[in-house]
Amino acid sequence: MLGIIFGVCSVIAMLAIGEGASQEALAKIKELGSANVIIRSVKPPQGSSASENKRIYTANYGLKLADTNLVQSIFRDRIDQMLAKRIYRDMKVWHDGARVLCRVIATEPHHRNMGQVELVRGRFINQLDMTGRANICILTDTLANRLFAYHNPIDQRIKVGKQVFQVKGVVRETGTVKDRQSGDAAEEETLDANIYVPLTAAHARLGTKSLVRFAGGYTRERVELSELVIKFKNEDEVETSVPALRRALDHAHKPDEYEIIVPRELLRHAEETQRIFKIVLGSIASISLLVGGIGIMNIMLATVTERTREIGIRRALGARKRQVVMQFLVETVVLSIVGGLVGVAVGVLVPQLVEHYTNKATVVTIQAVLAAFGISVLVGIIFGVYPARRAAELDPIEALRHT
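Quick note: the sequence shown, position 29, residue 154 per my numbering, numbers continuous.
Some hints here could point you the wrong way.
[To be verified] Below, a list of computed lysine to aspartate or glutamate pairs in the DMTMM-like style, where the Cα atoms sit at most 25 Å apart:
(1) K356 to E384
(2) K168 to E397
(3) K217 to E397
(4) K485 to E397
(5) K485 to D266
(6) K403 to E480
(7) K217 to E298
(8) K485 to E149
(9) K168 to E149
(10) K189 to E397
(11) K358 to D266
(12) K153 to E298
(13) K358 to D381
(14) K356 to D202
(15) K168 to D381
(16) K358 to E480
(17) K446 to E523
(18) K287 to D202
(19) K284 to D221
(20) K284 to E397
(21) K356 to E243
(22) K356 to D381
(23) K334 to E384
(24) K284 to D266
(25) K485 to E396
(26) K379 to E364
(27) K189 to D375
(28) K356 to E396
(29) K356 to D205
(30) K446 to D381
(31) K153 to D205
(32) K334 to E349
(33) K217 to D280
(34) K356 to E298
[As the list claims (entries may be wrong)] Label pairs and their calculated CB-CB ranges:
(35) L478 to G332: 43 to 53 Å
(36) A191 to S408: 29 to 39 Å
(37) E396 to L127: 30 to 40 Å
(38) D361 to I506: 12 to 22 Å
(39) L244 to Q197: 50 to 60 Å
Hints listed in this document are in silico derivations from the structure and should not be mistaken for laboratory results. The beta carbon of each residue, even a glycine, is placed where N, CA and C say it ideally should be.
Let the hints inform the model, and build the full structure from the sequences given.
Structure, rendered in structure tokens:
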């Protein structure tokens with residue numbers, strides 16, 4: 126019965142862990158927007174578009190401001206919104222002696238709607254800030270707490286690089302926005318928080334060049350736009366628009382200078398991958414159920430041997446073979462049901478412990494519980510047939526002689 130318990134527990138726990146990872150990954154992709162197409166600047170291999178100078182070289186690559194007009198001219202009325210961003214990494218921010226290494230995100234007013242940020246205090250970037258190239262900034266709540274502790278940061282001045290910006294608002298990043306700003310996991314550990322500034326002000330005061338650390342030295346990058354997010358009015362137009370978008374960008378850029386991300390395609394591929402992943406996990410865990418079934422069969426075979434005389438008496442008193450078969454099958458199924466119920470209880474508890482100690486989401490589904498329990502009963506029936514038939518086939522006279 127222990128085999129059934131561990132088997133059911135393994136199936137439920139492994140599927141719960143797999144389902145949790147699946148839902149977390151799919152949620153991140155969904156937050157990118159199924160109606161969106163994301164174009165990102167990609168740094169080409171060193172030397173392909175860079176003038177090297179020993180340890181420091183300048184890489185000139187990526188999207189340009191002119192690309193926004195290009196996209197508008199191609200799609201016109203099909204676009205709902207378009208968001209341009211320039212991301213400055215490894216920027217030092219000072220206030221009253223406190224220094225924090227941050228990521229500065231130069232963006233536009235509608236970033237608040239498309240970028241998954243929630244306003245906590247003050248205001249966000251507006252069109253007047255864009256037109257006037259205003260030296261204003263919006264802090265994340267994490268950064269505001271680090272720089273200002275319990276003080277109100279609104280209208281306070283901070284130094285970003287060599288420029289002074291006035292704080293006009295505080296936002297809270299929701300969902301997976303932090304993961305989306307950079308694909309570099311190591312960088313996520315280095316940078317403490319984000320600052321949002323008007324795109325026009327960033328180009329005027331921070332420029333298009335930035336100094337970025339990498340293993341063994343620094344890279345000077347000249348990039349006008351880091352990312353362009355296009356939101357279409359109709360989701361069905363997303364995939365059909367990508368080929369035209371790629372052809373237009375290929376005329377203006379080298380193929381290795383940008384990448385196009387279609388969340389809708391990513392979602393479809395991720396769902397298929399996760400489906401296969403869960404099938405593999407379930408299959409691996411089901412092996413332990415088969416082992417448990419073999420264990421039950423061995424137990425019942427031993428029981429038949431021990432109860433040979435009892436079987437002989439029943440057969441001598443007129444019991445039919447079918448009745449003997451049913452007796453042992455019922456006993457086997459009862460063992461499987463009890464083991465299955467205990468396995469379900471343990472299997473529901475294990476994912477909760479995993480989630481508590483690892484902070485990784487786990488999801489126990491009713492389908493996984495029913496499948497694991499149903500398979501345990503089915504395994505009990507299948508592996509109980511042979512011992513039951515063996516008991517029924519015993520010769521009553523020989524069975525009565527058994528001591």
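- Query: Tell me, which hint numbers fail for this structure?
  - Reply: Hints 2, 3, 9, 10, 11, 13, 16, 18, 20, 30, 36, 38 and 39 not satisfied by this model.
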